[in-house]
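Whole structure, please, built from the sequences with the hints as guidance.
Sequence order for the protein chains is A and B. Heads up: the first sequence runs through residues 1 to 595, numbered per my numbering. Heads up: the second sequence runs through residues 1 to 327, numbered per my numbering.
In short, the hints are calculated from the structure, not lab data. Heads up, a few of these hints could be off.
What the hints assert, rightly or not - DSS-like, lysine-lysine: derived pairs with alpha carbons at most 25 Å apart:
id, chain 1, residue 1, chain 2, residue 2
1, A, Lys-419, A, Lys-516
2, A, Lys-224, B, Lys-64
3, B, Lys-240, A, Lys-50
4, A, Lys-224, B, Lys-36
5, B, Lys-218, B, Lys-237
6, B, Lys-64, A, Lys-223
7, A, Lys-463, A, Lys-505
8, B, Lys-95, A, Lys-149
9, A, Lys-121, A, Lys-61
10, A, Lys-223, B, Lys-294
11, B, Lys-95, A, Lys-223
12, B, Lys-240, B, Lys-133
13, A, Lys-390, A, Lys-505
14, A, Lys-487, A, Lys-592
15, A, Lys-223, A, Lys-50
16, B, Lys-95, B, Lys-298
17, B, Lys-294, A, Lys-224
18, B, Lys-95, B, Lys-294
19, B, Lys-240, A, Lys-224
20, A, Lys-487, A, Lys-463
21, A, Lys-223, B, Lys-36
22, B, Lys-64, B, Lys-171
23, A, Lys-149, B, Lys-261
24, A, Lys-61, B, Lys-131
25, A, Lys-107, A, Lys-85
26, A, Lys-149, B, Lys-218
Said to hold, decoys possible - Just some of the chain B residues that point at chain A, by a computed CB distance under 7 Å:
id, residue
27, Ala-17
28, Asn-46
29, Ala-61
30, Gly-67
31, Phe-170
32, Glu-264
33, Asp-265
34, Glu-316
35, Gln-318
36, Lys-319
37, Phe-322
38, Phe-324
Since this is a predicted model, take the numbers as computed values, not measurements. C-beta: ideal position from N, C-alpha, C; glycine also.
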Amino acid sequence: MFPARRPFRPIFPLKSIQSSISVAFSCLILVTIAVTSLISYRLSVDAVEKNSQNYIEEVIKQVNTNIQSYIDNMENISLLAMTNKDVKYYISNNSFISEEERRPYEKRISDLFQSILYTRKDIASIMVFGYNGRFVSDRRITSLNPNAKIEEQPWYRNAKNEGGKSVISAPHVQNIIQNEYRWVVSLSRELKNTDGITADGIFLVDLNLSVINDLARQINLGKKGYVFIVDDSGNIVYHPQQQLIYSNLRTEHIAEVTAAGSGDSFTVDDDEGRRFYSVQDTNFGWKIVGVAYAGDLIGYKSTLRNSILITVCGVAVSLLLSVFLSHRLSRPIRHLQKTMRLVEKGNFDVKTEVGQMNEIGQLGRTFNMMVGQIKNLMQEIIDTQENKRKGELQLLQAQINPHFLYNTLDSIVWMAEQKQHEEVVLMTSALAKLFRAGITKDQEIVPIRVEIEHITNYLLIQKMRYTDKLNYKLEFADAILPYRTLKILLQPFVENAIYHGIRNKPDVGTVTIRGKETEDAIVFEVEDDGVGMTEERLARIWETPDAHDLRRGGIGISNVDERIRLFFGPGYGVRILSEIAEGTCVTITIPKVQT
Amino acid sequence: MRIQRFTLVLALLLLAAAVYAVFYFKLYQASAGQEKTVTLLLKSKNVRSDFWQTVSAGAEAAAKEAGAVLEIHGPLQETDADSQAELLDEAIDRKPQAIVVAPIDDERIVRELQRAQAAGIKLVVIDTPSKLKPAPVSVANNHLEAGRQAGMAVVRATRDKPYLAIVSDFKDSGVSAEREKGILEAISPYPASYVGTYYGEDSEDKAYEIVKQALARKPGLNAVVALNEAAALGAAKALKEKEVTDRVTLIGFDSSIYQIKLLEDGSLKAIVVQKPFNMGYLGVKAALQLIDGKKTAKTTYIDSLIVTRDNMYSPENQKLLFPFNEK
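Here it is, written out as structure tokens:
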């Protein structure tokens, strides 16, 4: 199912733990910082946008409220005029007011309008036009512009059409008063007679456009942001760049604004830049729109710049930190490595510092223990080798024991003098075979057959020397013949049996040498019926042979025992049983070593 | 060795980060840190001059749109070349990135503009062409086209039988010459349509006299084009006096409250109005484009609009005739 897994091979093989750790740290830090800064950037941008949208909405609501309050105020003035009895009477279509009576009415109404105007700086003018041709304004003497046809003015026509409802005009130049051309927003309303059905005239209140203009201009929506107003049919009521729009030098997103409901906002992103539109409806049909550019929202850029600077600094510091940390973490490892290299070169006397008991500390401690053990083992091997060599030397000495040689040669001479030729030949050939067996072969272990031959030759010589004192018996099982044994294993024990056991015995002694197979070993026994040994002597036998013994060419029992153990292991060796006046029995156990 | 190599790589990485950061902020500051500075030098900064106030408003609109810093200066009188030269001198010393200037026709102004060019300040000339060589980027009213529009209006009003007189100001006025040329171009297809051009020297009385005499000498005269306000007022007075306002078509240039009143009462048939807001706006916009190193048209012409009694209160024309300036 899965493809055979190839061994992992990194693109940039990192050879030290330090670099691996630093790279891992750096990647971790970089990725973490990148991800967090990306997320925080997104979040902060979202937050800024949301906040600014809320802010714009609030501001536009405020503008809306203000404009609304101006309009409401005009509405109230119109209500006041509507309910005023003088006004009603003055414009009502009755003929009982004579020309002389008109003046006080005119004066009273004009005074009323004037007092209203006096309290309201935002109102430009208040006027009433009766269908009966009568006309009053807030001024005592008003001359109307003879060229301006009042009936054709939009505010007049619309109010008439609406029949009693108030009408708000778009900003326009009011030209009905002679020599006055003021930008105003007009509220007009048809006034009804007391019966509430017959229309008597039109009432007009003009609001200075500068009020709305100032209001819109003072709104701070960033450096480039602005406020504009459209009416319900999408015509621009107010726009700071109205002339540019009329000249087609600039376009405004009127369609979207008209489609948007009150409180809606939308985002526009074109070559002029990303900007937010926030729309608020007034209750008289205008839509007030705030536009703010995403680019110059307060604090937006400087915060971003700071956060990027902090991020870069943070990355730099953390990269340095990662180098430092990885250096610190890998220092004990490098120390251990250095020590190991010394050990590699053969210096076992070093010891690495064990710092904290962490993994590396434990590693160091184990390493120290290991080095100690190796050192001990090496010493042991050296000692063993030394002992072995010593044993071999002694073995060699034992073989060519000079006393034994003199004695044997003496015996041969003596036998020759006696003219016992056959015996001389027998003894000389036995002696020759004896030496050949020991010297010629280099190997440490030999077939048991060779060892038997060797000990037979030896005993032959001794028998000829101690004819009437020594008897010997050889009892080797045939089963042991295929196995091997250490060479010259038995001679020292036989020698001991003859020299210490039988020679001191008054009558004839017998040495019996047996070889048999047990379940998992081969056992040799050298038994004599000589004088036997005391406990002390038995104990002394195990000690290393003294100078005298060595000179004599004797070989320590302990040395043989050690030789067996070194060669075959601790499970094998020599055991001695001895009884005074009874004899001694030496048991030698060796493993079964196949030819 | 290994550690050294790694440290090297890391150091390079850090260096790259540092370079990136520095580079980033350099770019950043170049784009946003430094605000563009533009100085606008008008012929007049008089608050009573609706024309120049509207130019200022247009210039401010352009500056706000681009987030640039705009300074506006100008002498009180349109003919005060001395103080304009002085203001220009001061403006150059403040070293804005660009100067938008409506130069008064004078040698000193040309010298100052040369100094500005030498200082590496971008120059945009608005309203009146400058004698500066090489010619700087200019944004101006197309007076020839405006004259042509006036001529066409006369042709229409006289039902293809124009017979007109032109009341100009001075012979050496560049603007008036252009307008005159445009008018003559418009009526050239019609035979015997041109009475002559008279120079009223910016005086209402002289224009009045000129038109009175012209009416007396040429009874067939059916149109007068007044190239400036004084000429229009004088001509209107003469026409009213002779009670021939219905028969003789009078066309004026530029808006003022007096001309508007003449338009309302019908003695002026039409006025050709400029768009000073657009001039200010496009002038500053051209300057900003020069700062950005973008290509700009050598000359940008602003068209004029012909306003008659019938359309003078349309939303668009109201804005042009009655500039709404914050005073």
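A quick look at each hint next to the structure:
no., hint, in the structure
1, A:Lys-419 / A:Lys-516, "violated, 40 Å"
2, A:Lys-224 / B:Lys-64, "holds, 5 Å"
3, B:Lys-240 / A:Lys-50, "violated, 65 Å"
4, A:Lys-224 / B:Lys-36, "holds, 14 Å"
5, B:Lys-218 / B:Lys-237, "holds, 18 Å"
6, B:Lys-64 / A:Lys-223, "holds, 7 Å"
7, A:Lys-463 / A:Lys-505, "holds, 15 Å"
8, B:Lys-95 / A:Lys-149, "violated, 54 Å"
9, A:Lys-121 / A:Lys-61, "holds, 23 Å"
10, A:Lys-223 / B:Lys-294, "holds, 23 Å"
11, B:Lys-95 / A:Lys-223, "holds, 23 Å"
12, B:Lys-240 / B:Lys-133, "violated, 47 Å"
13, A:Lys-390 / A:Lys-505, "violated, 33 Å"
14, A:Lys-487 / A:Lys-592, "holds, 15 Å"
15, A:Lys-223 / A:Lys-50, "holds, 19 Å"
16, B:Lys-95 / B:Lys-298, "holds, 23 Å"
17, B:Lys-294 / A:Lys-224, "holds, 21 Å"
18, B:Lys-95 / B:Lys-294, "holds, 20 Å"
19, B:Lys-240 / A:Lys-224, "violated, 50 Å"
20, A:Lys-487 / A:Lys-463, "holds, 22 Å"
21, A:Lys-223 / B:Lys-36, "holds, 13 Å"
22, B:Lys-64 / B:Lys-171, "violated, 40 Å"
23, A:Lys-149 / B:Lys-261, "holds, 14 Å"
24, A:Lys-61 / B:Lys-131, "violated, 53 Å"
25, A:Lys-107 / A:Lys-85, "holds, 14 Å"
26, A:Lys-149 / B:Lys-218, "violated, 35 Å"
27, Ala-17, "holds, 6 Å"
28, Asn-46, "violated, 19 Å"
29, Ala-61, "holds, 5 Å"
30, Gly-67, "holds, 5 Å"
31, Phe-170, "violated, 30 Å"
32, Glu-264, "holds, 4 Å"
33, Asp-265, "holds, 5 Å"
34, Glu-316, "holds, 4 Å"
35, Gln-318, "holds, 5 Å"
36, Lys-319, "holds, 5 Å"
37, Phe-322, "holds, 5 Å"
38, Phe-324, "holds, 5 Å"
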